[in-house]
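Chains as they are written, first to last, in the numbering used here: chain A, 1 to 130; chain B, 1 to 130; chain C, 1 to 130; chain D, 1 to 130; chain E, 1 to 130; chain F, 1 to 130.
Check the hints yourself; a few may be wrong.
Note that the list lumps identical chains together, so a pair holds whenever it fits in one copy or between two copies.
Unchecked claim - Derived lysine-lysine pairs resembling DSSO-like cross-links, with alpha carbons at most 30 Å apart:
#1 Lys17 <-> Lys54
#2 Lys17 <-> Lys5
#3 Lys54 <-> Lys24
#4 Lys5 <-> Lys54
Simulated from the structure, these hints should not be mistaken for lab results.
There are 6 protein chains.
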Amino acid sequence: MSQPKPIEYADAPPEVKAVFDDIKATRQVDDVNNFWKYIAQHPPTLARTWDSLKEVMAPGALDPLVKELLYVAVSVTNNCGYCVASHTAAARRAGMTDEMFGELLAIVGMANETNRLAVGYRVPIDPAFE
Amino acid sequence: MSQPKPIEYADAPPEVKAVFDDIKATRQVDDVNNFWKYIAQHPPTLARTWDSLKEVMAPGALDPLVKELLYVAVSVTNNCGYCVASHTAAARRAGMTDEMFGELLAIVGMANETNRLAVGYRVPIDPAFE
Amino acid sequence: MSQPKPIEYADAPPEVKAVFDDIKATRQVDDVNNFWKYIAQHPPTLARTWDSLKEVMAPGALDPLVKELLYVAVSVTNNCGYCVASHTAAARRAGMTDEMFGELLAIVGMANETNRLAVGYRVPIDPAFE
Amino acid sequence: MSQPKPIEYADAPPEVKAVFDDIKATRQVDDVNNFWKYIAQHPPTLARTWDSLKEVMAPGALDPLVKELLYVAVSVTNNCGYCVASHTAAARRAGMTDEMFGELLAIVGMANETNRLAVGYRVPIDPAFE
Amino acid sequence: MSQPKPIEYADAPPEVKAVFDDIKATRQVDDVNNFWKYIAQHPPTLARTWDSLKEVMAPGALDPLVKELLYVAVSVTNNCGYCVASHTAAARRAGMTDEMFGELLAIVGMANETNRLAVGYRVPIDPAFE
Amino acid sequence: MSQPKPIEYADAPPEVKAVFDDIKATRQVDDVNNFWKYIAQHPPTLARTWDSLKEVMAPGALDPLVKELLYVAVSVTNNCGYCVASHTAAARRAGMTDEMFGELLAIVGMANETNRLAVGYRVPIDPAFE
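Required output: the full structure, derived from the provided sequences and hints.
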């Protein structure tokens, strides 16, 4: 096997099926995304990642839409094509409008620009921020 | 001159003073941060960056707190020390609580993790996301 | 010419053929990967890169499998699609099992997560690590 | 509070003390590193991160030294100063010699170089790697 | 709408048409690249990005070819496929030869390598550079 | 030894002294930078890196100033503090003026911004660039 392959539900071992079932129930979807089918090749990674993500993305002090916007911001900065596609879709399901998406990408772009200006000019941290 | 130096208000040329004045008036602060003093070494960059940032960070479909949270998320992902310090402070001024900050960093961490799992397993984009 | 093109053996100048021959002999393969055919557009880069890589990846204090795992870890972190594909294949040829691959990606994911937590919380280096 | 602060054991709430105790027992150390004291500001992140790291870094198909080498490789690629310092120390405790460290950084450097050559020359994935 | 779509000239609102017209006139081309058609989904981002880029890329102390080479260097380091393709083409139009392209990528590769060596060896800044 | 240490000339083994001598002669300087003293801990890395850098940075189709500007652009994008400091100094020695430095950072900032816009909007490559 030279290339990762997705694990489909029908072929999955019980510990993978249990995670898939929980994803489908939690998200109220009929099937899991490719991400889960691929990382299911290593069942401990599947279980740990899902448990962590479920905890981190649950409603809290930040609401679900804000959490998805943050996920998109990181994914764009890291240039992860799969992650941009899947989390943009998730953000839209959580209520992101076209206008929000436009503002989100504008901020991500500006932050990547000013981050480099701060580095290039070797700006020391202001005492007020210490 | 081998190293960037900050431009203080008193020594600044008029076009730099004008930008500093607008930053202070817009943000209702007595002095500008080191970031602005350092990039003022190249006045066109100072003017353009401030104009852009003022437009991008103004209230819109996303509120100012969410915009600051997004800025922190990008800065942490890029490992920009100055930017993390200054935008964390800005997010707190905009209303970020300790609990929000904890959730923000938890999401940034998880997104950086799952971004790499998607890359490492070479996950193809689901047709539903195309 | 607006786009890089591969240099095939038959069309290669002598200094490129010499490098291709050494790659094939060293790795005991019939043809070189696309990586070498593309960078052969600049023969000094081809020769220098191959010389460096041959030296760095030779058995040493670290064995060849560990070296390939490290290469995959960097390539995944950098989100280099070609590099992930080619070095995952190389790691498998060097003995990487499915279980090792699963553990490798789990570590790469966690390291990318905790790297950002350290940055976001602005953790100072412990005196014991200085 | 404008800046993250470490949580010391004596001042920690019970759920943080429990994690600190487990880290100290697992690693057989007298105190936890700054990393844990800082992320303890958000107890759910502390507990989840420690649980995940303990699972991922436990001996498995890859031995502990290899796992630490991989952690250093990612941390160097991400330019995380704290992580480079702490994981280099951890790798040395796990048996990394000066020679291994030299080879490790040589590989990390070369991988970062060839990753960019592959991107710059827009090298397509060889059919054999699909 | 789950996926960004290009805005074609015929369907564009007046403020987008005005930017497209200025791009075409400035660059003396018949149509704008996909980049502009996609970011036109958020007209303020289109206008601001074009204004900024026109200012930054105009002839100055650095000539247009050098500016395009710098753009390619950043795009390769960030692993942005679209950007590598479009800015390599722009650099060729500005006069980049095959030999220049080969040297450019050689430097980008080496810089990415030595950047990591500096981080991995935790090299302190020489007093002469402060 | 938990932390890298510099190798000073007086304490260096012959193969390290030989490289230091060549650096000093080539650059006409009295002492080598910290970078070389630190990577000298692994003499094969020192020798290979110097040989490669000397070849890559030699005058060619691109002149030395342009080569140094490119090095700064990559180092800023990677957020490598040491590299930004040392290569900014090298660029100044090669003739970089304050105005050039300002334009360089403006381009690096813009490129980092538009790279993310291209990723976030998932812009497909124009047929003309293939």
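Each hint, compared with the structure:
no. : hint            : in the structure
1   : Lys17 <-> Lys54 : both (17 Å within a copy, 24 Å between copies)
2   : Lys17 <-> Lys5  : within (16 Å within a copy, 36 Å between copies)
3   : Lys54 <-> Lys24 : both (12 Å within a copy, 28 Å between copies)
4   : Lys5 <-> Lys54  : both (24 Å within a copy, 27 Å between copies)
In summary, this structure violates none of the numbered hints.
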